[in-house]
Amino acid sequence: MSSEPWGVNPDRALPAEPTQRGIARELYRAVADLPIISMHGHIDVGAILRNDAFGDPAEMFIIPDHYLLRMLVSQGITHEQLGVRPLDGGGFETDHRMVWRRFAENWKLFRGTPTRYWMEHELSLIFGITEAPSAATADAIYDQLSETLARPEWHIRPLFDRFNIEMLSTTDAAHSALTEHAALAAEGWGERVVPTFRPDSVFYPDRADWRSEIEALAGVSGIDIVDYPSFLEALQQRRFAFVAAGGLATDHGHLSADTTPLDAIEAHRIFAEALRGPVDTAAAATFAANMLFESARMSVQDGLVMQLHPGVARNHSAPNFRAFGADKGFDIPQNVEFTRALQPLLDAFGFEPRFRLILFTIDETVYSRELAPIAGAYPAVKLGAPWWFLDSPDGMMRFRELVTESAGFYNTSGFVDDTRAFASIPARHDLARRVDAGYLSKLVAEHRLGIDEATETIIDLAHTLPLAAYARRA
Amino acid sequence: MSSEPWGVNPDRALPAEPTQRGIARELYRAVADLPIISMHGHIDVGAILRNDAFGDPAEMFIIPDHYLLRMLVSQGITHEQLGVRPLDGGGFETDHRMVWRRFAENWKLFRGTPTRYWMEHELSLIFGITEAPSAATADAIYDQLSETLARPEWHIRPLFDRFNIEMLSTTDAAHSALTEHAALAAEGWGERVVPTFRPDSVFYPDRADWRSEIEALAGVSGIDIVDYPSFLEALQQRRFAFVAAGGLATDHGHLSADTTPLDAIEAHRIFAEALRGPVDTAAAATFAANMLFESARMSVQDGLVMQLHPGVARNHSAPNFRAFGADKGFDIPQNVEFTRALQPLLDAFGFEPRFRLILFTIDETVYSRELAPIAGAYPAVKLGAPWWFLDSPDGMMRFRELVTESAGFYNTSGFVDDTRAFASIPARHDLARRVDAGYLSKLVAEHRLGIDEATETIIDLAHTLPLAAYARRA
Amino acid sequence: MSSEPWGVNPDRALPAEPTQRGIARELYRAVADLPIISMHGHIDVGAILRNDAFGDPAEMFIIPDHYLLRMLVSQGITHEQLGVRPLDGGGFETDHRMVWRRFAENWKLFRGTPTRYWMEHELSLIFGITEAPSAATADAIYDQLSETLARPEWHIRPLFDRFNIEMLSTTDAAHSALTEHAALAAEGWGERVVPTFRPDSVFYPDRADWRSEIEALAGVSGIDIVDYPSFLEALQQRRFAFVAAGGLATDHGHLSADTTPLDAIEAHRIFAEALRGPVDTAAAATFAANMLFESARMSVQDGLVMQLHPGVARNHSAPNFRAFGADKGFDIPQNVEFTRALQPLLDAFGFEPRFRLILFTIDETVYSRELAPIAGAYPAVKLGAPWWFLDSPDGMMRFRELVTESAGFYNTSGFVDDTRAFASIPARHDLARRVDAGYLSKLVAEHRLGIDEATETIIDLAHTLPLAAYARRA
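These protein sequence lines map, in sequence, to chains X, E and C. Residue numbering for the first sequence follows our numbering, starting at 1 and increasing by one per position. Residue numbering for the second sequence follows our numbering, starting at 475 and increasing by one per position. Residue numbering for the third sequence follows our numbering, starting at 949 and increasing by one per position.
The set of hints was computed from the structure by calculation and includes no laboratory data. Remember, it's a predicted structure, so these values are computed and weren't measured experimentally. Among the hints, erroneous ones may be present.
[Claimed, not checked] Per label pair, the in silico range of CB-to-CB distance: (1) D1228/C <-> T286/X: 21 to 29 Å; (2) T1208/C <-> E352/X: 51 to 59 Å; (3) D821/E <-> E1214/C: 42 to 50 Å.
[As the list claims (entries may be wrong)] Selected chain C positions facing chain X (Cβ under 10 Å, derived; list incomplete): (4) P963; (5) R1018; (6) S1022; (7) G1024; (8) R1059; (9) P1062; (10) E1068; (11) A1080; (12) A1084; (13) A1266; (14) N1268; (15) N1283; (16) I1310; (17) P1341; (18) G1386.
Every residue, glycine too, gets a C-beta built ideally from N, C-alpha and C.
Just chain X, same shape as in the assembly (with noise of 0.2 Å):
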């Protein structure tokens, strides 16, 4: 389809404006080759401990990846035909290439989305693709990817030094043993592939699954959890163990920001209703918030970093939620608060040297409006990089000139991608690093900036800050 061979340009997502593109190679040539902290990221630790191979071209890029489902289900194509196997047990898709070719028929569709971005920088320069995706070349570039998936060196162990990661943190439950992370580390993997703490799932008393999670805690902290001062030493056990097994941060995805904290009485009551049985939408929120001020109590003494990401609406879709699970792509973002609904954590322990709170958002609205005044005065807080649907060309834009006028660069923790597509973290990185060189390519070119200034500056945003950032609190 395209004009120019297939492929990425080497000024890929750098400003078409000449003097701003000269300064931007310059800038992006500075970091183009610095090692990668993620530490926001969904890798499976098991995958990394087995050395797994990633299996065919559908199972590496299609079928997990909630941004390319997401898109072909919108144009009318279903999970089943994209091979994603229906809970009721109902027939799909099994014959991966026919996935696979459904992905390259419909390639137009992902014009001007980051997953088109990432594809061609995934398939071009480290699996050496060079046609685009099209019904005529679905079938020789599966056989090209399946025929390199294969190979030991394409297994997921060498990938890291492939793909220059320095660091790499997991996500992992609040009851999590840990069992794998500690193998790791036994094969001299333990700082390089870190845990962090999410306690969700046992943090909403009105989650479905929230009994047995509670006892997926009891049982791996060994603590008998009958009331809520033993389910806070549980937790409290854990972190610990996640501070023992080299975890720096903690992660929270709820659905408010809200922070107040409960009295000791009430937050007792909630907690012993809901061991006793289902506990209403509005009591599971206050007790959620609740938790997050407990969780930002417990960092001040163990010293992880706590990051919030509030605002998704999950599972939007009811009946997609009851045929497929979650994961699959229709989870959508509300309107989110955050000036009213931190105020109790931050006037506890904003202030706090131990402390240290990343936020995220999905709702861009609060860039200028709330984070970036907040984190442009609050010791404690720094802000995370655009997340999800923001981890974009204009979406990551967008942050740096809405967020840096109030909050400078250095109240932002550099780049964080947040993937579970193991070969998107290079792309997604280059990516940044590209923005972030356009961003202050136009400082430097309306002499807003000196261009050392701008190089010091992007060296820290790509390396130094995340290091900083999620150091943890000593």
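Starting from the known structure of chain X, fit chains E and C onto it as the hints suggest.
Chains E and C alone, transformed into the frame defined by chain X:
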């Protein structure tokens, strides 16, 4: 005033940067002469049937155009001075040359607005005016326009060819008998001019005219509306009449996007209460939400595409509404929410192959947060074009920037104008094509898209997608 | 740090693209030397009357500037280390050379912020500093600034001429006796320095200092405030005193934009209750809303222009407020709503020829959705300049991009700074003129506006419109 000779530049509204401009020119040339699909307009079908003349310049350009009125009123000129007849029978300017002069003298107020852009296009390209409006030029322009407008080839029907309008939809009340559409069809215009079903006036039982609108609906449908079921039956009857008359879509201008269905008993109760007397605003709002749900259900049956554009506080100024009535420039947008509001409707019909929902907003905060993620997942949903206050160069550019990365191009409807001003139709479509050329030229110049892909995309946006989006779902 | 010699570039903050830059230079030259109209500032009238010196560099640039304080505090430096005196009498840095060093060492934190931009302008252009602040240069710069600031020609009054300030408004409490303004007027400065009436402290009856503020108002007005009518009478008396002293405007910093009037009985009741003792926050908010409505009514009488800037959660950090008091960098914006909130006021006074309302926001989401449509319709309304966190290069550019297409240029007030830092006034106005030049250069380069029109427009924005917007409505 201007140092350039007055008139429109061939490169107007294309990016200034030379590389982008070159690409944008090439893309624009690919669509400049494509026919116009105008599926969301407010042109009077009677005027088309009668092949009306447009009257004098004030009658054509000023008095019916709320964009022009509101800007002049905002600077202290009164509606009366602009030739708008007060409802109380008070005096107003009847010398339309004076009305035109007031506009011409205040030409500078429109700098930077789309009205300025459209008017320049219309006056220069369509009517051959060679000087900017001003106190000095007002009379000469008035005379030249008057002379042109009086000629038969400037009546409305010949302008369909001159403007290259392939298909135009009018907006028609639920109780419209569609007699004018039938008469047009009898003259062979049935595929060129189609009706759209707009039932708002019978969906809000707190409106002052609700009862008379219901009676009109009963009259034209021949169904005695005595309760909620007979109301639904009358609606369905009219929808089939619209389908038979070539109608492709329904249109819903609600205050909120709420689509929560009522249980049958409650819907019955509110409808019965409304038939007896006044209904409070809250009950009316729940009824209107229910009717959006019911409209979607009917669309699954009859295949009419459903359009929803919520979020406008109509007749914001009560004194102005009392003095001059509706559509006089005093409708003001307010914040709107889609993620939760649409959930009931999407749970029920979001995957129905026969259902299509096109969403419009004038609250830009929902573009990246709600609309693009929803349209990028649900097969039933498309995003309409930027609308009303956002139908402007920068507004359309922001739409693409904020929507494309999550929804792509192919979950948008392509350009849809929304005008009462017939002569502005080609200017609006031309501008939209220029802005899309500018947006796509950036993707090409930044190596994010090939030029051949961009060319195919802009043709789709200008012509293919609007036709496809409004094709009745068979 | 920078590879360019330090100092400000003549093209700073103008667009990088050469065509636009050339146009922008020409536009900027047309306004670079126009006098400054500074109608929304926070300079102490007493300092002007006494012709104060500014003290040492820390006293001039750091300790009173909440922008600088907040950024340094956000990185872990304490208020005490920055020379801010704790209210509890605790220790703090009294060596201002040390305070200056802490700022200079942390110069990089301000990259990309307007503080960086203003400080560069001030240090380089106003004070002749030739090196960037750093640990190495801190002392030399401190000495050079100290030496300059001690000279009589660097006291505040001569700087009015050096800075080309034509007119400056101070902000004065409702109970100000205006004696300093009277004394200034007696010295011939009455037209150059005028008061603005700011009654917030007596509008919120839940404020801790409300009673003492009421007593002060009673004292200065000579009216015994025993009930709501005598309160209104005292307010009106002071407003006339402000008018007599040359005052042109009132200023209202409310939490919300609500303007719903209370019926007289309810207003009486709340006021009487407040005189007796504490009033709850909800009642206080309804009273404050009512007072906005009443202020508008009074403006119709006395012609004072009404300014409203809602949406800031003042003293967001309770611990920081207790430790250091107000205006120390911990005011955080929150979401705000205008469309419904202003309806009562606009229904009553939106078409009053003697009424003018200038609206400010730091919630950008209302620009295109609410503020521009409102200002583009109601004759009484103008939009103030981007304010506080938004008084920045990108913030001002977004304001024009989001507002102009619906409101045009002539429903905006032109640039209005909002500073406590006197030396930043020329930098801020210069930057605003550069950003407007950049915005207009895009319109010209894209053939959306002629260069002569753009030149007239930028002159209007810089000088004509601020003068006109704040002209008392006679």
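*asked:* For the restraint on R1018/C, tell me whether the closest CB of chain X is nearer than 10 Å.
replied: 5 Å, holds
*Would you check whether G1386/C satisfies its interface hint, that is, whether its CB is within less than 10 Å of any CB in chain X?*
This hint holds: G1386/C lies near chain X, its Cβ roughly 9 Å from the closest one there, short of 10 Å.
_Min Cβ distance, G1024/C to chain X: is it shorter than 10 Å?_
Holds - the Cβ of G1024/C comes within 10 Å of chain X, reaching about 5 Å at its closest.
*Does the nearest C-beta of chain X fall within a distance shorter than 10 Å of the C-beta of R1059/C?*
This hint holds: R1059/C lies near chain X, its Cβ roughly 6 Å from the closest one there, short of 10 Å.
*Does A1084/C pass the interface check with chain X, least Cβ-Cβ distance below 10 Å?*
This hint is violated: A1084/C lies away from chain X, its Cβ roughly 15 Å from the closest one there, beyond 10 Å.
*If you take the shortest Cβ to Cβ gap from P1062/C to chain X, is it below 10 Å?*
Hint holds; P1062/C Cβ to chain X Cβ min 6 Å, cut 10 Å.
*Double-check S1022/C for me: the hint is only fine if its C-beta lies closer than 10 Å to a C-beta in chain X.*
Since chain X brings a Cβ to about 5 Å from S1022/C, closer than 10 Å, the hint holds.
*asked:* Tell me if the interface restraint on N1283/C is satisfied: Cβ within less than 10 Å of some Cβ in chain X.
replied: Holds - the Cβ of N1283/C comes within 10 Å of chain X, reaching about 7 Å at its closest.
_Against the range 42 to 50 Å, how does the distance between the Cβ atoms of D821/E and E1214/C compare: consistent or not?_
44 Å, holds
_Status of the hint placing E1068/C at chain X (closest C-beta pair under 10 Å)_ = Since the shortest Cβ distance to chain X is 9 Å, the answer is holds.
*chain X contact restraint for A1266/C - C-beta distance below 10 Å*: Holds, about 5 Å.
_When the least beta-carbon distance from P963/C to chain X is tested against 10 Å, hint result_ = 7 Å, holds
The earlier numbered hints that this structure contradicts are 2, 12.
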